[in-house]
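Those protein sequences? They're chains A and B, same order as listed.
For what it's worth, numbering that gives the first Met the number 0 labels the leading residue of the first sequence as 0, then goes sequentially.
For what it's worth, numbering that gives the first Met the number 0 labels the leading residue of the second sequence as 0, then goes sequentially.
These are calculated hints, taken from the structure and not from any lab test.
Take the hints with a grain of salt, since some may be wrong.
[Claimed, not checked] Restraint-style ranges between C-beta atoms, simulated for each label pair: (1) A:His49 <-> B:Gln54: 37 to 45 Å; (2) B:Met149 <-> A:Lys133: 48 to 56 Å; (3) B:Ser86 <-> A:Gly121: 23 to 31 Å; (4) B:Gln140 <-> A:Gly137: 53 to 61 Å; (5) A:Lys61 <-> B:Ser86: 27 to 35 Å; (6) B:Ser51 <-> A:His49: 39 to 47 Å; (7) B:Ala82 <-> A:Gly138: 35 to 43 Å; (8) A:Ala123 <-> B:Ser86: 16 to 24 Å.
Beta carbons are placed, not taken as given, at the ideal position from N, Cα and C, and that holds for glycine.
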Amino acid sequence: MHQKLRIATSILLIVLATVWFARQSQSIDFEQLEQIAAKRYGNEALQAVHSWRIALENTGKKENEQLKAVNTFFNQQILFEDDKVIWGQSDYWATPLEILWKGSADCEDFAIAKYVSLKALGIAPEKLRLTYVKARIGGPSSDFFQAHMVLAYYANPNDEPMILDNLITDIRPASRRQDLIPIFSFNAEGLWVAGAGPSPQASGTSRLSRWKDVLERMKADGYQ
Amino acid sequence: MSLVRQLWLAIALITATIFAGAFMVSMLSASSYLEQELQRKNIDNANSLALSMSQQTKDEVTVELQVAALFDSGHYQSITVYAPDKSVLIERIQERSDAKVPEWFVHLFPIQSIPGQAQITDGWKQFGTIVLISHNRFAHQALWQQAWSMLMWFTVIGVLSGFIGMLALRAIKRPLAAVVDQAKAISERRFLTITEPKTPELKSVVRAMNDMVSRVKNMFADEARRLDLLQQQINFDSVTGLGNRDYFMGRTREILSSEKSAPTGVLLLLRLTDLAELNTQLGHAETDQLLKVIGNAFNKLTENAPERLSARLKGADFALLAPSVENAASLAQQLSEFLASATQPQEGTELDLFHIGAVPYNRGDQLGNLLTAADQALAIAENKGANSWHAEANSHFQIASGNDDWRELLTNALANARLKLVMYPVNNNHGELLHQEGMVRLQAKPEGDWLSAGDFMPMAARLELTGPIDLSVVQHALLQLKAHPGQLAINLAAETIADWKFRNDLSTLLRNNHDLCSRLWFEVGEYGAIKQYEAFRDLCATLKQLGCKVGIEHFGHHLHGVQKLSDLGLDYFKLDASLVRNIDQNTGNQNLIKGLCRMAHSIGTIVIAVGIKNQSEQETLLELGIDGLTGPAISKSNR
Chain A
0 MHQKLRIATS ILLIVLATVW FARQSQSIDF EQLEQIAAKR YGNEALQAVH SWRIALENTG
60 KKENEQLKAV NTFFNQQILF EDDKVIWGQS DYWATPLEIL WKGSADCEDF AIAKYVSLKA
120 LGIAPEKLRL TYVKARIGGP SSDFFQAHMV LAYYANPNDE PMILDNLITD IRPASRRQDL
180 IPIFSFNAEG LWVAGAGPSP QASGTSRLSR WKDVLERMKA DGYQ
Chain B
0 MSLVRQLWLA IALITATIFA GAFMVSMLSA SSYLEQELQR KNIDNANSLA LSMSQQTKDE
60 VTVELQVAAL FDSGHYQSIT VYAPDKSVLI ERIQERSDAK VPEWFVHLFP IQSIPGQAQI
120 TDGWKQFGTI VLISHNRFAH QALWQQAWSM LMWFTVIGVL SGFIGMLALR AIKRPLAAVV
180 DQAKAISERR FLTITEPKTP ELKSVVRAMN DMVSRVKNMF ADEARRLDLL QQQINFDSVT
240 GLGNRDYFMG RTREILSSEK SAPTGVLLLL RLTDLAELNT QLGHAETDQL LKVIGNAFNK
300 LTENAPERLS ARLKGADFAL LAPSVENAAS LAQQLSEFLA SATQPQEGTE LDLFHIGAVP
360 YNRGDQLGNL LTAADQALAI AENKGANSWH AEANSHFQIA SGNDDWRELL TNALANARLK
420 LVMYPVNNNH GELLHQEGMV RLQAKPEGDW LSAGDFMPMA ARLELTGPID LSVVQHALLQ
480 LKAHPGQLAI NLAAETIADW KFRNDLSTLL RNNHDLCSRL WFEVGEYGAI KQYEAFRDLC
540 ATLKQLGCKV GIEHFGHHLH GVQKLSDLGL DYFKLDASLV RNIDQNTGNQ NLIKGLCRMA
600 HSIGTIVIAV GIKNQSEQET LLELGIDGLT GPAISKSNR
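Chain A with its partners taken away, still in its complex shape:
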């Protein structure tokens, strides 16, 4: 009886500890990610992941610096390409590992990779929004628009956001991005259950959405 009780208690402790650590670490398990990269995609992918790791490790504590570092890293490292060219299908939301392996990505893949990186650096997810925008291509007088996605950063809920875009290299406030017309935005909370971690039911629900799909794949690869 006591034996059983002790075993049950130990199991409970282990579970609690696992949950606690899991909720504490918003970071990415780079060890695992590197292993997977090497095993699945080979040395080049491993190098790319490693450089991502270095980039994140070398950023400062200020959120401005972190934004800049992440934005710069992906905009320089990854080539902007259409999903059709990269993946052979019209709309594929790739994980950071996949874009690092391919070396190219579509707009939403940039946004996702930046979102994941910033979250790993400790920026609160409430401050980050994946935003669908209408982008005017070819200067202020152009009337050619393209569907696009950027990552918006709100230092405070009522503030003007900073836009992390792969079309331009630097981060600008929204008022300086006349070429972008915001349509709709979402963050992790909107699709994940607000506040609570994903319950089994919730994962069943969210599997349908692209956003959740990519989150799931990332999770399997070792992101938190």
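Here the structure of chain A is known, so what remains is to put chain B in place on it, guided by the hints.
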């Protein structure tokens, strides 16, 4: 609880458990599915609303209208719009729902409506957050309906499986019932074998029981055969197969004194003229052959009349006792003719072989006097010449002369209930009263003498009136049992049991007095029971079913036939009085009775000794294993 009921209970329990299990699993999975669906709906709707609101102007009226439009047209518990600073901008709440689901069900299977959330933007600026909750009562309604339809299906399936179970149980029960019946029969000492069922478990049980039954039957049969042989050695002459002197004397004394035997009869003696001379003339083998021929002639005279008795008293002397025969002369002549045709093959060479003397007797005559009279008749015959006979005429008192007279007397007596039972006690081997034997007495004429069974039963048998008489006896016995405590045994005539109408009337009568049956003992003569075996078996079954006890009286003379009585479940054997007479001095019969007791006990039947005259006989019998005792000595001691 019976096995079948236990199986029923098991089936019901298993079905109920399966139902409960399946019900719970199904309810839980359905409620979890519904919860998922609800959440999916919440998220999707929140997103749609947020998307549409993001495109619109954000004045208060527009925002409120959009929320109201969705809320009023849909199934929502609440839609709330929060400002970025978490303050509530708009809220719509609907607690009431028209779904009809009992509260306990909602508590038993809770379905959480997990809120959906989406962001509303106003250009680059955050406008707010939508939190949308669909009403879970509709999910509960669906679950409730599913519970009902499941319940209905399970009821249908339950009834169906119950029906199938019933068929299966019936298939199991049928061979089981046969086994149970056999076991019951064995406990009632009816040793039946049944066909082995197909079920392996039951098969081995039935096989074991069948083995046991046949072993008991074989044991009984072997014992009966052995005792038959023993009796042949003790009581019968080895050359002629007729009874010996002791046997004849014993039974004749019994017949002369028993109230059950006929009131009159004839004693016939045959003497070979000179046996020693014959031996020298013919040689030993030829002489034995001649003796056998004479024995056959005697057997011919007794073969259809079980009450008659024949014996070879000593070397040259033969005897025949014929109760109920009135004409001594015709009997003597009959025998003489048989012998003449059988022993005089060559013409003209008439041997002086035998003489016959015959005398009538009345019940109550002394055996010695009777033998003397027969001897005198023999002497007269010897004077008449070779192979001649002499018979004394009848001179005894007669109650009635012809059949018609008798019929009138008996039917009158029955109609006027001039019939009674006289009780004789039968004790068990501890000296306690086992039952009373009720002997019938009939008053032939009003105010006349009470006749005993032997006086009128032979005539009644000839007139086929034993049935009504026996039925009347049973009625008297039932009255007696109603009025007095204790057990009562009565006799049934051999002729009666063969009478189908009597058996029918008897069973109706007993059924109407069912409560008295267990105190009523029926006994039938050994010869009659064996001769009318089929009828006796039916009677046994009827009587035993009603709870009556059934036994055999005058037991011990036809042991070669008693084997088939072994599976009737008989309760008692009453030994013939001739076997019991002088038992303290007759070692041959002691062995026989000991064997009979052992044989009877092997099938659980008790043995009662009849006609015990004194203490010494009683003690000897108890040592031999007798279970019950009756006779003058017992009546005296009980009084």
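Looking at the structure, which of the earlier hints fail to hold? none
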